[in-house]
Structures are given as structure tokens and as C-alpha cells.
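J.: Listed below, chain by chain, are the residues.
Number of protein chains: 4
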Amino acid sequence: MGNTFGHLLRLTTFGESHGAGIGLVLDGCPARLPLTEEEIQVELDRRRPGQSALVTPRQEADRARILAGVFEGNTLGSPIHVFVANQDQRSRDYSDLKDLYRPSHADFTYEKKYGIRDHRGGGRASARETIARVAAGVVARKVLATAGGIEIVAYVRQVHAVRAAAIDVSVVHRDQVEANAVRCPDPEAAARMIAVIEEARDQRDSVGGIIEFVARGVPVGLGEPVFSKLDAELGRALLSIPATKGVEFGEGFGAVALFGSEHNDAFRKDATGAVITETNRSGGIQGGISNGQPIVGRVAFKPTATIGKSQKTVDRRGQEVEMAARGRHDPCVLPRAVPIVEAMIALTLADHLLLQRARG
Amino acid sequence: MGNTFGHLLRLTTFGESHGAGIGLVLDGCPARLPLTEEEIQVELDRRRPGQSALVTPRQEADRARILAGVFEGNTLGSPIHVFVANQDQRSRDYSDLKDLYRPSHADFTYEKKYGIRDHRGGGRASARETIARVAAGVVARKVLATAGGIEIVAYVRQVHAVRAAAIDVSVVHRDQVEANAVRCPDPEAAARMIAVIEEARDQRDSVGGIIEFVARGVPVGLGEPVFSKLDAELGRALLSIPATKGVEFGEGFGAVALFGSEHNDAFRKDATGAVITETNRSGGIQGGISNGQPIVGRVAFKPTATIGKSQKTVDRRGQEVEMAARGRHDPCVLPRAVPIVEAMIALTLADHLLLQRARG
Amino acid sequence: MGNTFGHLLRLTTFGESHGAGIGLVLDGCPARLPLTEEEIQVELDRRRPGQSALVTPRQEADRARILAGVFEGNTLGSPIHVFVANQDQRSRDYSDLKDLYRPSHADFTYEKKYGIRDHRGGGRASARETIARVAAGVVARKVLATAGGIEIVAYVRQVHAVRAAAIDVSVVHRDQVEANAVRCPDPEAAARMIAVIEEARDQRDSVGGIIEFVARGVPVGLGEPVFSKLDAELGRALLSIPATKGVEFGEGFGAVALFGSEHNDAFRKDATGAVITETNRSGGIQGGISNGQPIVGRVAFKPTATIGKSQKTVDRRGQEVEMAARGRHDPCVLPRAVPIVEAMIALTLADHLLLQRARG
Amino acid sequence: MGNTFGHLLRLTTFGESHGAGIGLVLDGCPARLPLTEEEIQVELDRRRPGQSALVTPRQEADRARILAGVFEGNTLGSPIHVFVANQDQRSRDYSDLKDLYRPSHADFTYEKKYGIRDHRGGGRASARETIARVAAGVVARKVLATAGGIEIVAYVRQVHAVRAAAIDVSVVHRDQVEANAVRCPDPEAAARMIAVIEEARDQRDSVGGIIEFVARGVPVGLGEPVFSKLDAELGRALLSIPATKGVEFGEGFGAVALFGSEHNDAFRKDATGAVITETNRSGGIQGGISNGQPIVGRVAFKPTATIGKSQKTVDRRGQEVEMAARGRHDPCVLPRAVPIVEAMIALTLADHLLLQRARG
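Residue numbers (our numbering), protein chains in the order written: chain S, 1 to 360; chain D, 1 to 360; chain W, 1 to 360; chain P, 1 to 360.
It should be emphasised that the hints constitute simulated quantities derived from the structure, not laboratory data. Hints are supplied without guarantee of correctness; some may be wrong.
Intra- or inter-copy, both count: the list cannot distinguish identical chains.
[Stated by the list, open to error] Mimicking DSSO-like on lysine-lysine, the simulated pairs with C-alpha atoms at most 30 Å apart in a straight line are: (1) Lys-312 <-> Lys-98; (2) Lys-269 <-> Lys-112; (3) Lys-98 <-> Lys-269; (4) Lys-142 <-> Lys-312; (5) Lys-142 <-> Lys-309; (6) Lys-142 <-> Lys-112; (7) Lys-269 <-> Lys-309; (8) Lys-309 <-> Lys-98.
Predicted, not measured: the structure shown is a model, and the values here were computed from it.
For reference, chain S alone in the conformation it holds in the complex:
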């Protein structure tokens, strides 16, 4: 249980970090959408290790192969299967961790839940699992493209204490995000974020941060009250990403400081006569349904649990021990998490687009 996501566009993922590979099955994708391995690869390359000095130097090629559901370059309507073989699996990096419970990792909880764990690099709890999400997100964007110009852009808004200036969500573009290694569209803040991450790395420590996202062009009417409201579903999608600790929409936790008269988004007509809101403090969702304004929110990521500093923990026999991670790890997961956040949003929106279409 738990490895399938979505109502009509159903993503099932599988694979351990040091097993044969990571894969996905995406059922419910409409037929006749063009899809190539190259398109998937572009996004996987945004997620993969080794892409910059800020992230883990592990070299993982992460080549996506489409093994089912696509025929002569088009989706068939049958389940799409993508597989990414594992390659650079230095299981030996983990052999000395095999009996330890790494602090704030899933070693302990997996072992207690399942009575067994794959100690090689986290097994299923590894962030390698998100490869499948990113690959599926590419297909989800194809589904969204059938509804016109829906654009999803995520970016790093904050790293540790460094917060970027307010980003104009109505225009922020992937080019600005990809312009630097930390994926922050504010170049000045980006430079400082990079410095913070490098210092944390040099200290054998780690830092967290906040990813902000916007989805523009989402049609009015997506979301299924009362339990599958669009924000509830996006929230679940985002909180299922490893290392996330919180999610908010629109003004989010900041809404608490406003009076209703300040927070409400007044309706008005635009030049075309369409009903729009003057402000967008709701973040594009009202009553759990998209209102046509940009969907905006933020996700909090904790500092990476794996650090080179010495820490106290216990082993499987209950002995208290000291440990320090020796593997190659990310001092900050945020730059690589940007495409994951985008993928989960794309999957959720595409699923709800199909749900709404079913209404006819």
C-alpha cells in the first residue's frame, strides 16, 4: 500500500536505491500524446546528483527507458512504464551503517514497520525514489498541455536564513530558475545561498530551506470537495516528498497576521469581462477549487539528515554508538528538489483535470 498516487492518472512507483533500478507505471494517461525518452531525460538531469558543486558528487547517469505504453512516439492509453537502472551503487558505503539507525532517517521506522529493511542506502526510503516522480511529471505536463498553456514553475525561495526577495509569480520563468546552481531566480540571494550551502558542506553539516511554486493558466474548477480539495491534494502530494516538513498556500501561515478585510480577495472584472480577483492571497484556490488565478504556495524542507558530523545513535542491538556518515551526500536538497516539486504539482493538476473532464 502507499505506492500509488492519483485517481484517474495513477502513478505507481517502485524500486530500492541499491536494487536493480527505479521504475514507474503511469496508468490512465490519455492516448495519442507524443512522448520521448529525451523529454524525460531533461527533467531527470535536473534532479540527478553530480550536476553541480552544491549537490552530492555521486555520479548517477539515470537514463530513462520507456518500456511500455508508447508506440511509434505516442502514448497508447495503456500503462506507461519507465525504468531507470541503478548504476553507481556503492553499497559498501553503507555496509557499516547496516546495523545502525541513522538519526532522523527512516532506518528505524522502516525496520519496525516491516520487520526488515534494505540497509543499502535507504532502500525504498532513499530519495532515488523521486526519480520516478520526476519522470512521471513529464507525462503529466503532456496531459496538462491538452488544456492549453498551464505552466508550473518552482524555485528555491529560501536557504537557511537567506530569503530571496519577493518573486513575481505572474512572470517567473524556468530560465531564471536554471540560471544558477541553487535554482533561485533572485541572483543576488542565489549567490548568498550558494555560500551558505558551501559552508555547511565544509562544516560537514547541512541546511534546509523553502521552495516556492506557481502554476499559471490552471482552468477554473479543478479540485474535488470536500476531501479532495485541490489544496488538500497538492498538500498530500508535496508532503510525500522526502524531507518536507510543511506546506502552505497563498499567504499561508502569514495569513494569520491579517484581518479578514485585509486577506479577502475582492472580485472584479478584467478587460475581457472575465471575473478575476484583485489580489491573490488565497493562492488561486477557494473552497478547494481553482479560481483561475495563479496557484501559489511554499514547501519547507528540513536540513538533510545525513551529515558528516559525529552524532549519537543506537544500533539494532540497542547499543548506544557514535556515527558519522561517510557517503557522498547533499548538504542541501533544495536545488535538486525543485523538479520534484514541479512533478508532484503536475501530477496532481493533471489528475484533477481528468476528473473535471469526466463531468462532461
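Keeping the supplied structure of chain S fixed, place chains D, W and P upon it in accordance with the hints.
T.: Then chains D, W and P, alone, in the frame of chain S:
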């Protein structure tokens, strides 16, 4: 779609705010649990309007009747049906709103999504819908009771700018929460919160806030990676509550300011030899699975959208108009939202308890 | 678990035979369909006891009330709730059965599964549960009507050894079915069926039979391979009706006697140029997907388990005893099962219509 | 949609007949069950082409590889992924069929449903899809083994007009089934069935038949009324197998000829004091719940649609043409369908075993 929640313990809710009533069907509840209407009533009374000067003065008796699934005081294993008839339905309060889109309400999005709306008080988007959640939460607690002493306590942590002192989540008790009308266990902060709410009411405005929650005694092992992680599922549950704008676990957004070496929860043994964590910055969930520590988090609520102050909006014909709500509304939803938050947590945990039991 | 049916059009039913009533929640019904209690009542009256000398003389008014999801005569898109209060509940008829396991009833299995049972007339295992299916079927037909002239007609094809002549499924009409109490469109066979049922009744015994069904006008393309093929889903729907023991499509079990060259349905063009099949031995479904031909099949019903004749059984203490039912029971369930079969087909087809629409 | 089966033990399958391969993901399998590729291979070999003169001479090695979810020979509790690469893909056999709609195949319906089809051998509609079911069935049997000695045996009961003598379902064993190429435990009937199949093959025609199955040792209490009754779920499972046209339980369609007094299964005590039934006309399921008696039923398979005889059909441009299949096909699918039937039963029972366990 969207009116069912849960995998094995499945709650379906229905009912418009000014229709015949609000109801629920709860399928998957184990048999032979004692259940009475009185137990449900206790929680409904915590949620109902008119309970204090802080909330809407509408008088809604909200009497729960169990109409199926219980025989001679015990659950049968068949679907439990609870119905709460609507009574104080002053639809006339809404007749002048029938063609308006109230700002930051769901009027506009419902009408665009469904092509029709029940304008009498919000219809399905009304907070009356949460009656069903609270009633079902009582049954969920019965399910949790079969696993020993799981305790769920929620309380108001912040109203507008007034933030309670840190609450000791290991001991906070419902009695402290119920000790004042605002449901904040810090009596000094409670007094100030009440003042803030009363002032907002007098200004015909509204305020939001933060509800904090703790679930103690949750067994290790609940949560279904990778998409139905316990935090992801709790997040969805809580973000499906009306007026919520964010949710966080453990340190939440505050984790961003910490280094990994500060945030990680070191494992150690307790006096009984059990593995515990020295700190609980993770909020009781690691890798999406409960680790036996208290599950802790917070939910942000926006200020109530309905305010007596005049606001700009448009009507169904696209005319720009001014409006001011005349009905009886809550200047702050948080005191009444406390039992709703607890109910959604209970439903989520009970569902995952059953899922984990299936593993045998 | 188990009380919800459907993917997008989701029916949840509840209620014990001698509890407060029988009800349903139907989620996912598109908005703006006209719906009245009277329309539902028409179908309930076809199902209800006491309608003829062939069925149980119990008088159950079974008045349907729509309590949610409909506003000013139209569906809202929110969950539709229909409730039918129980009235003629002679629980005393069952008091002497309270410790017995009636042969071929669900008394024994319910008690072993749930550890408890509602002994008053079968509780949830009673055929009264099907009231909810019939009511929901009326709504499902409204959904089907949005796709043009889909017609579903079921009728009694066989009672005990009396088999009607071949019925022309391309034209058989409800008027012919309703023309006699046994609901068989072959009047001559109907007369003999009635005689057989009356004789079984007089002998305090019971008989079974076969209901045949046809759905005409179903668009090409409904059904979701590979596990939710249209025949698989219809099969599940029909086998979930009490007292069913088998289901078949097209030639069904009779296909076994044919060679492939005899059984295959050759394709050809009709006068309009559309691709049709020359024969319809497949029963309108190929590869699990509707092919535009009439969907045809049959359901086998066992003889009613409740009989007035003396039978051997054991009681809850394991004592072997003799028993004879004293209540008012149907000597043959088939006449009343016709609307139930139609309802389950309508629900399945409407669900798959929505699923196919989601493809856009 | 449609490629996932099960509630808690969730099988998702994928792969086209002439794509890269056929695969499955099985989520929800409990951890710590031993599982090897060899065990899966044993069952795949029972299903594979080329195993006898009765089936298609295509040589497909169908080697199963476990690529996820198993670590050091044991299941991890994470999704199990098995992949079977396609090898003997003579797509050229199909190139001349690329624009034809083969009679009683899914070519026409797939193309109309999805607007595209993989014409190479049926794509997703090919019986190769059942490889995944058979492989998953091996895992399901492991789950069942945790509940003691549940045995599932299926066998060919009838081919065309040749019907085996009554088989004693309380003892029939796989050895008897595997004793001949047609998989009928009645050796005398088997010989005649073989002759019938060989003659059909020589005539370039095909034949259908009936597979009977028994599941012994199933605990009392499996099945989830009212829509997921055990027989309804088994029915769906079996009717999702290609070429099936009907399914029945216990006396099935034969129950129609019996009076209630003849059909009812009287309860009595056995030597150990357990409640059993004197007869088993219900086929081990009462009220949709297993009663501890052997679960017995039958599945009807139509004659193979692909035949070498000339047939009339139309092509994609609507031209009426004659066609005769040239590929290598099964004159009778039943011998190879036996392990598929067993697999679908195992998957269904294992799923319901977990559902019942969740009740605690």
C-alpha cells in the same frame, strides 16, 4: 468525487448547509465497539455555534442520530450512518447574496465548477459540512482505543498576533483546552486572544490563527510510504478543513533555520530499553512512518471570509457591487475548529492503524 | 469496506433491514440533472414487496426521500443522499431465529466474520439493502441519458424448468416486461412460470431462475482493460446482488459448444457506413470494451433460501435443531430482482461513461 | 485506468505483446515472505506457449526477473516488480493485419476507445498480458500460506462437447491436473479433449471450454459485503481474463433447476464440533462471505478468436475484406488458462485475507 476519505476506514459525508441535514457513512469500522449518540453529541457540542460569545450566535442544536451500523449499543461492522437534521436555517439571510460572489468564499468556484450552486449559506461549501467529520472522529477514536491509550489533543496556539507560550505536548490535556472559550491551554494568552477576537467582531472584521495538535501513544509503524506517508495523509486531512492555508509537522517551517546537526533527533534507549529519540524535532514521523514519539504539528487558518465590513465584488451578471454580510458569523473560526482538527487526525490515524494491522 | 461501488460515480449504501432505514450516498453525479423523488419511487415500486401474489405479502411502503445533493429539482454535483425509512418491521418474526443459523443464509458467515450479527431479518444481508441500489440506478439512468438513448431492459428468462422463447433483444421493451407479474416478455411462458411459483409457494418451497438483460445504444469504447473490463465490472456488479450464482455474456456458457468459426462475429458496414458486427455472440463487448452492439447477458438466481419447509440446522450453541421459516417470504425472487439487475447495469455503465469522458 | 487489481494487495500490470516486455508491480505484499525467481518461473512455464502440441508453437522463454521489493530472498514490504522481456516477437506475422479488425478480437474496440492501437499482436489486449497475473499469483500464494494450508486447484472440466466426469473437489490435486497436456484430471476425458483440440487445429478452427476451480482451506469470513462480496470479487477477477464469457459458483446456473429445499445446505456439526454444511451447493460462499467449505466454481471460455479459416471483416478504411490468420495460435486456450485462473483466485483471496486481518 471527493466526498470520501480513507482507505480502510472510509468516511463519506453529504449534506448542504440549508438542505435537510448533514450526514455521514463510515464504512470499515470494526465490529463490537460500543457507540452511543451521547458520545457523538459531546463532540458536536464542542463544534456547534452559539456555545460562547466568541462564535456565531446562530443556535443550531445539531442532534446526532445513529441510523445504521449499530445494534444494541455496539457497532456491527456494517456502515455506520449518522444524520444531523438542519434546523435553524435562516435562508432569508442569504437571499440577497444569491447572485453575488462573496470574496474569498467558494461561491464563484462552485458555480464555475458545477454550473450551479446552492446559494443558501454556502451549500456544500459551508462549514456545517464539518459536523460529519466531528461525528465520525468519535468513532475513529473508538478504533484507536483498541490499540491502547492513543490521545489526541488540539488547541489554539495563536490568534492573529497573539501567540501562546510553548505548550508541553507531552502532557497537555483536554481539560486545559476546554478551560476557556478560545480553547487555548495558556490562560494568559487565552485572555488576550479573546480580546482580539472580540475587537475584530466589534469592528465587523475577522481574524485567523494557528491550531497546534499532538497525538500521543501512537504505535511505531503507521504510515504507508511513499505516497501515503503519515504526514502526507495527515496533511491532506487537515488541508481539507475549510479555511486552512498551511500545515506543518515537528519544527515545520522553523526547521529551515536549523543546521542538520541541530535538527536531527538522536536515538537513545530509555529506561525500559526501548529506542526513543532525545528530541522530537521530526514531530513523531520519520520517512513517513510514526516513530513512537508524539506526533506534533500545526495548522494555519485564514481570517473568516465572511465579514460585516463593506467589500467590493461582482455578481453573476458581472456587475461590480458593494456588499456587507448580514448573517451571524464567526469572527474567528479557531475555537470551533479544534474538535474538527482532532477528528481529522483521529480518522487518519485509525485508518492507518487498520492498514498496519492488515500486515498481520 | 465493501459498501461502495464505482470509480467516478460512487455509490455507498447502508442500513439494516430492521434498523431505521435503508440509504445511499451517490457521489460523482454530474450537476444539473433533473431528479425527483417520484422518479425514484417508480423504480422502488417495481422492487417492493406486496406488489403481486407472486411475491412476499409484506407491506413495505418504501418511500424515497432525497435529503441532499438536489436543489430546486436539479442535481448539484454534491453527494446525493436518498433515505427510505423502514416501516413494516415485524422483528418478532425473527426472534425465534435469533440463535439459529438459517441454511444457505448469511447468518453463520456474518457472525463468524464480524463476531456479532443483527438477527432481525438478516440485518445488512437482507435483500432490503437492494432498495438503495434501485434508487441509485434511477440517477445512473439520468447520467446515461446525457449520452443519448441508452436503454436497459431486464426480464425473467427462466423460472425453474420453464424457459421463455428466445427474446429479440433488439426490441424488447419494458412494457412487455411489466405486462405480467413475473416480468417475462413471453406471455405464454410467463403464465407457466407463475404456475410454477405458485406451486412452490403452496409447497412452502422456493424456485430460482435466470434474468436476461440487454443494454442498447451503449457507445463504443466503454470498459477499462485489463482488470476493469466492462464485462468484468458488470459481472462484479451483478454477482453482488443477493442470491446470484452465476453471470454470463453473449453466448456465455453456450459458447463452449461452438467452434471459433461459428462463434466469431464478422465485421461489416451498415447502411450508414458504420462498422457493425453481423452477429452478436460476443454480447456487445470485445476485449473488455463495448463495441456498439447490444450488451446482452444473463444472471442465475438460486431458489430463495428461506422456505417454510422444515430443515435441519444448528444453533449458536452448536445444537442441531429443526427449523421452518414463519415469516412472509418470496417463493421466487426473480420478479422483484428485475429492477435490481437493471440498476446495477445502469450504475456500471454510467460509471464507465464518465471514465471514458475523462479521456477528453 | 483499469490496470490495477485489489484493495490491499494491489497488482498493477503493464506491457504490450510486442513491446519490450510484460511486467507487474505488486504493492501491499507483507514483508519477510521468501520469494525466488524460480518459484515464479514454475508457474510461467505452465502458462507459456510451446509447452505441448496442443498449444501455439511459438517459443517464448518468458524468463521472470524480480527487480524490486525483494532483498536477500525475502519480500521487503515495498512494491515487488517482476519483468519478463519479450523475445520471440514476430511482428511481421501481424504486419498484414495492421489495418484489419480481426473478428471477435479487440482491434476494433481498442482503436475506437483510444484512437490508436498497437497492431503488433494485439498490444495490450494480447493474452501475453496474463504473464503478469500468473507471476503475481505466485506471490499471492505466499501470502495465503501465512494463513495455513489454503490450496487452489483449477483444471479443465470441459472442452467443446467433451465434459469430464464429476471431479471430487475435496481431493483433486495438481499432480492429476498436470498429468496430461490438456490439464483435465479425468484421464479418459482428457484423451478425448485432446482429440477434439487436435481436430480443431487441423481444421484451422478453434474450440472453447470450461475450467473448474476449487479453493480449499479458506478461512470462514473472507468477503466484504455488499459490493465486494467474495463471489462478486472472484467473478470480476475471472471475467477479466481474456476470452472468458461466464462464471458461476457452487451449483451456478444449475441451481435454477432445484427447489430451495433441494438447494439449501443444511448446517451440522462435524466430529470436532465445528459448524459445517452437509452439502456445498453454495460453493463455499454464503452472503458473499466464505463459510469454510471449499470454494467451487466454473469459468466459460469462448473458442479462440484467431483461426486460420477465412473470415469476413472490414479494414480501417471501411472496406469489406476476407482474412485468414497466419500466425501461430492456440486452437484452445484452456490448458494454458488453468494457471491464470488459479492466479486470479489466489490474488483475490490473498487480498481479502489482508482485508479481514485489518479487522484485528
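J.: Mind listing which of the numbered hints don't hold for this structure, in increasing order?
T.: Hint check: 4 and 5 fail, others pass.
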